[in-house]
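*Asks:* Protein chains in written order, with my numbering: chain B, 157 to 875; chain E, 150 to 311.
It should be emphasised that the hints constitute simulated quantities derived from the structure, not laboratory data.
Do not rely on the hints blindly, as some may be mistaken.
Result set (DSSO-like, lysine-lysine): computed pairs, CA atoms no more than 30 angstroms apart in a straight line [unchecked claim]:
#	chain 1	residue 1	chain 2	residue 2
1	B	Lys761	E	Lys211
2	B	Lys709	E	Lys271
3	E	Lys236	B	Lys325
4	E	Lys290	B	Lys728
5	E	Lys190	E	Lys236
6	E	Lys211	B	Lys608
7	E	Lys290	E	Lys236
8	B	Lys687	B	Lys709
9	B	Lys608	E	Lys190
10	E	Lys190	B	Lys709
The following residues of chain E were derived to be distant from chain B, with all beta-carbon distances above 12 angstroms [unchecked claim]:
#	residue
11	Leu225
12	Met242
13	Asn248
14	Ile254
15	Phe288
16	Lys290
17	Asn293
18	Gln296
19	Pro301
Cβ coordinates follow ideal geometry from the N, Cα and C atoms, glycine included.
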Amino acid sequence: MAASAGAASRGLAKRLFRPPAGAWPAACQALARNFHFTVYGKKNASAKVSDSISTQYPVVDHEFDAVVVGAGGAGLRAAFGLSEAGFNTACVTKLFPTRSHTVAAQGGINAALGNMEEDNWRWHFYDTVKGSDWLGDQDAIHYMTEEAPAAVVELENYGMPFSRTEEGKIYQRAFGGQSLQFGKGGQAHRCCCVADRTGHSLLHTLYGRSLRYDTSYFVEYFALDLLMENGECRGVIALCIEDGSIHRLRAKNTVIATGGYGRTFFSCTSAHTSTGDGTAMVTRAGLPCQDLEFVQFHPTGSPRGVKMIKWVLLSLGEEKTRRDSLTRTVGHLVTPCLQGVGIFLVLLGVSSLTPPDFQQLKHSSLGCASPVFSLQIIWSGCFRNGCFYIEGILQRPVFQPATHVSFYIRGCGPEKDHVYLQLHHLPPQQLAMRLPGISETAMIFAGVDVTKEPIPVLPTVHYNMGGIPTNYKGQVITHVNGKDQVVPGLYACGEAASASVHGANRLGANSLLDLVVFGRACALSIAESCKPGEPVPSIKPNAGEESVANLDKLRFANGNIRTSELRLNMQKTMQSHAAVFRTGSVLQEGCEKLSHIYRDLDDLKTFDRGIVWNTDLVETLELQNLMLCAMQTIYGAEARKESRGAHAREDYKVRVDEYDFSKPIQGQQKRPFEEHWRKHTLSFVDVKTGKVTLRYRPVIDKTLNEEDCATVPPAIRSY
Amino acid sequence: MAAAMGLRLLSFSRRALRTPRPSSLPARRGYQGGSPADSRKDLLEIPLPPWQERPSEPLQAKRARLLYESRKRGMLENCLLLSLFAKENLNSMTERQLNLYDRLINEPSNDWDIYYWATEAKPTPEVFENDVMVMLKEFTKNKNKEQRLRQPDLEYLFELSR
């Protein structure tokens with residue numbers, strides 16, 4: 157049972173190459189049975205755009221060996237892996253596969269291949285465990301970092317053209333948070349990329365390859381719910397956005413890879429498709445979601461998220477305790493041209509900050525995400541016209557073009573949720589030459605001419621560490637009587653899942669790795685437990701009826717609040733109450749407001765009554781999903797009374813573990829489970845009332861093979 | 150997921166330092182890092198099924214489909230640009246233009262390409278050079294200096310019909 161991940165997967169891989177003994181896919185691809193669901197919804201004909209107002213929902217039933225929900229990096233890897241293993245696989249996606257949010261990833265995949273210098277996956281393991289602030293499950297992290305080189309080489313064999321060095325080996329570059337020799341050996345170069353389009357290449361390669369294995373793609377189908385029976389997952393029910401038909405895809409194995417839920421916040425860098433559909437589906441099925449309060453904030457983006465510039469400045473006057481905040485924004489690209497460029501950050505309304513506080517900061521040396529780079533920043537500040545101007549210059553250019561630096565700033569005042577980034581003091585030619593990207597994006601999206609006006613910037617949501625709890629094999633788990641229990645037939649991978657490898661904070665370039673390794677793990681686990689062509693479990697004749705009833709209700713909703721209005725309320729509440737720095741009273745207020753907003757879901761008003769390409773309906777369904785995620789996020793954040801990784805509490809600034817790791821453990825009394833916070837949050841929502849229940853589950857510290865890779869004992873995280 | 154969106158970096162070669170680029174040349178954007186050029190092997194060797202026109206699709210359905218496809222893109226920049234472009238232009242486009250737009254937003258496999266062509270960071274391939282592309286490029290320039298920070302609420306579709 158404690159077999160090393162490497163041996164286990166090698167064993168599994170062997171099985172895959174043996175032809176299945178006499179197994180033929182028994183179930184045919186589509187058992188179309190036109191079954192009319194008659195749901196008597198409200199027939200309100202006030203909208204004029206659509207012409208078909210029908211309450212008849214034709215349902216088409218399908219049978220597959222496996223269904224994957226979501227066609228991003230993780231979904232495609234799982235679908236491809238399953239198809240390659242001979243399973244009759246369906247992939248349900250609301251977007252065309254190459255348009256999944258993975259395409260936005262331009263960074264790379266971390267893997268300890270050792271092409272640039274001597275490297276060891278155990279060092280990568282250490283970095284990831286430390287980055288997660290000891291909330292990551294060490295067995296999953298062990299699995300991921302050990303499998304990483306094999307996964308990257310595998311992708312390469314499938315046709316992904318990784319960038320190469322002159323010798324022909326895969327080129328690896330530096331990324332924040334990656335070190336050698338367990339943090340003592342300097343910056344590691346582990347990030348493998350495909351020029352600047354790693355995400356796109358991943359999607360293109362996997363999608364193209366999976367088509368050769370006859371994967372059935374249900375493109376532009378919105379998965380509504382899981383079909384659960386007796387605690388087992390037996391498939392999904394989905395809406396075809398093109399013609400409004402309902403499809404029930406029955407399968408012995410369902411893999412959820414729907415991505416994150418950045419859109420719960422007002423300002424986020426994710427596409428409008430990151431709406432937590434899978435996470436909400438699992439919540440509606442009565443299963444828990446894990447660690448949703450851990451949301452990674454990107455340093456500065458313009459309001460509503462378009463990233464203008466990647467600067468994070470240190471919170472004024474709190475440099476020592478805010479070191480943690482630096483690691484929150486690991487791995488952001490900075491161009492060498494920003495070095496030597498002076499910028500002004502204008503803070504409005506900070507009249508209470510006295511120049512002496514500022515002087516304290518003046519000669520501080522900031523450690524950024526990587527333990528190696530320490531940056532001397534010479535600050536000067538002046539206070540005039542009610543504004544505080546900070547001038548900063550990146551001093552020592554210790555970075556290669558590909559490396560990263562970030563420093564952190566806090567917004568000003570409760571209402572003024574942003575700061576202004578002033579660049580117009582720089583000569584226009586210099587701006588155009590050295591910072592063309594910012595000038596352009598500022599004009600296109602904010603209508604701001606950077607040679608004349610400052611750009612508003614504020615922290616934006618970037619990634620969700622939390623999600624559907626799984627074990628290292630990708631199987632969804634729930635926690636019963638103090639033990640983890642696998643939910644039969646259900647798997648999850650990617651940003652939607654929480655394996656948990658990222659724990660309380662994610663390191664850059666580990667996310668693409670997470671997608672690939674756990675997408676593969678789901679395929680391998682399914683191949684290990686089932687054979688292609690096995691009988692698909694049956695479902696009740698009216699399975700999925702509630703989902704269709706909900707759909708019908710939303711389609712004819714004629715309350716008082718528009719979808720867009722409710723969504724904005726939710727986003728604003730989350731942004732102001734559960735943003736970067738969280739305080740108890742503010743969180744509690746946010747919880748109450750959000751619960752109120754949740755109840756408003758019953759009072760929605762939609763406009764489009766049609767069923768063909770009804771974007772309004774789809775966005776309303778997405779709103780329901782976002783709302784469930786938001787509730788769990790804010791309630792989880794309110795309950796967690798400590799600061800760990802991305803969850804920063806102003807009133808509880810310290811990490812609360814079972815021992816105080818800043819002192820030697822000898823002689824310390826171990827705190828009982830209820831009194832410390834080194835545990836995963838499991839949140840449940842009662843969909844009808846909006847009541848959030850929180851339970852906790854311990855972090856898995858034991859690795860898959862203690863001799864091969866020792867557990868990293870918790871320590872105080874400092875960079 | 151790496152955080153390289155939104156900031157286009159200028160690759161800094163020694164030559165560039167000594168001889169600054171004349172302002173007429175568009176600055177090279179796209180993350181260059183320190184890695185060699187893109188071999189594009191995957192795009193050449195793994196062709197995806199070609200985009201297909203839908204000649205029998207009713208016009209109304211085509212507009213509705215293109216609206217959905219404009220709003221749901223791979224990254225935020227395209228979500229904003231295309232949804233706002235769709236709001237302004239979709240209802241007034243002719244069938245021919247709708248087909249051109251359909252091809253533009255559905256054929257390229259890399260969403261970033263559409264963004265680079267619209268912002269003129271990279272040259273538009275010949276096959277997409279048409280009046281719709283010109284409209285998109287004009288729109289992207291944001292001559293009216295509007296704030297494009299949110300997708301338009303869908304109500305505008307229904308206000309028209311009242």
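*Asks:* Taking the hints in turn, state whether each one holds.
*Replies:* Hints and how they fare:
Restraint check: the Cα-Cα separation between B/Lys761 and E/Lys211 comes to about 25 angstroms, which is no more than 30 angstroms; the hinted pair holds. A threshold of 30 angstroms between alpha carbons decides the hint, and for B/Lys709 with E/Lys271 the separation of about 46 angstroms lies outside it, so the pair is violated. Note on E/Lys236 and B/Lys325: the hinted pairing is violated, with a Cα-Cα distance of about 48 angstroms set against a maximum of 30 angstroms. Between E/Lys290 and B/Lys728, the direct Cα distance comes to roughly 29 angstroms. Compliance with the 30 angstroms bound is thereby established for this hinted pair.
Note on E/Lys190 and E/Lys236: the hinted pairing is violated, with a Cα-Cα distance of about 37 angstroms set against a maximum of 30 angstroms. Of the supplied pair hints, the one linking E/Lys211 and B/Lys608 is violated, its CA atoms being roughly 42 angstroms apart against a limit of 30 angstroms. Among the hinted pairs, E/Lys290 with E/Lys236 is consistent with the structure: their alpha-carbon atoms are about 16 angstroms apart, no more than 30 angstroms. About 40 angstroms separates the Cα atoms of B/Lys687 and B/Lys709, which puts this hinted pair outside 30 angstroms; it is violated.
For the hint linking B/Lys608 to E/Lys190, the alpha-carbon distance of about 44 angstroms lies beyond 30 angstroms, and the restraint is violated. Between E/Lys190 and B/Lys709 the CA atoms are separated by roughly 48 angstroms; this puts the pair beyond 30 angstroms, and the hint is violated. The non-interface label for E/Leu225 is inconsistent with chain B: the shortest C-beta to C-beta separation is roughly 5 angstroms, within 12 angstroms. Non-interface call for E/Met242 relative to chain B: holds, since the shortest CB-CB distance, roughly 16 angstroms, exceeds 12 angstroms.
Distance check on E/Asn248: its Cβ is at least 16 angstroms (rounded) from any Cβ of chain B, clearing the 12 angstroms threshold; non-interface status holds. Distance to chain B contradicts E/Ile254 as a non-interface residue, since its nearest Cβ pair spans about 9 angstroms, not more than 12 angstroms. The claim that E/Phe288 is not at the interface with chain B is violated, since a C-beta of that chain comes within 12 angstroms of its own (minimum 10 angstroms). Distance check on E/Lys290: its Cβ comes as close as 8 angstroms (rounded) to a Cβ of chain B, failing to clear the 12 angstroms threshold; non-interface status is violated.
The non-interface label for E/Asn293 is inconsistent with chain B: the shortest C-beta to C-beta separation is roughly 8 angstroms, within 12 angstroms. Not every CB of chain B is more than 12 angstroms from the CB of E/Gln296 (nearest about 5 angstroms), against its label as outside the interface. At roughly 9 angstroms, the least C-beta separation between E/Pro301 and chain B is not larger than 12 angstroms, which violates its mark as non-interface.
Taken one by one, the earlier hints fail for this structure at numbers 2, 3, 5, 6, 8, 9, 10, 11, 14, 15, 16, 17, 18, 19, listed in ascending order.
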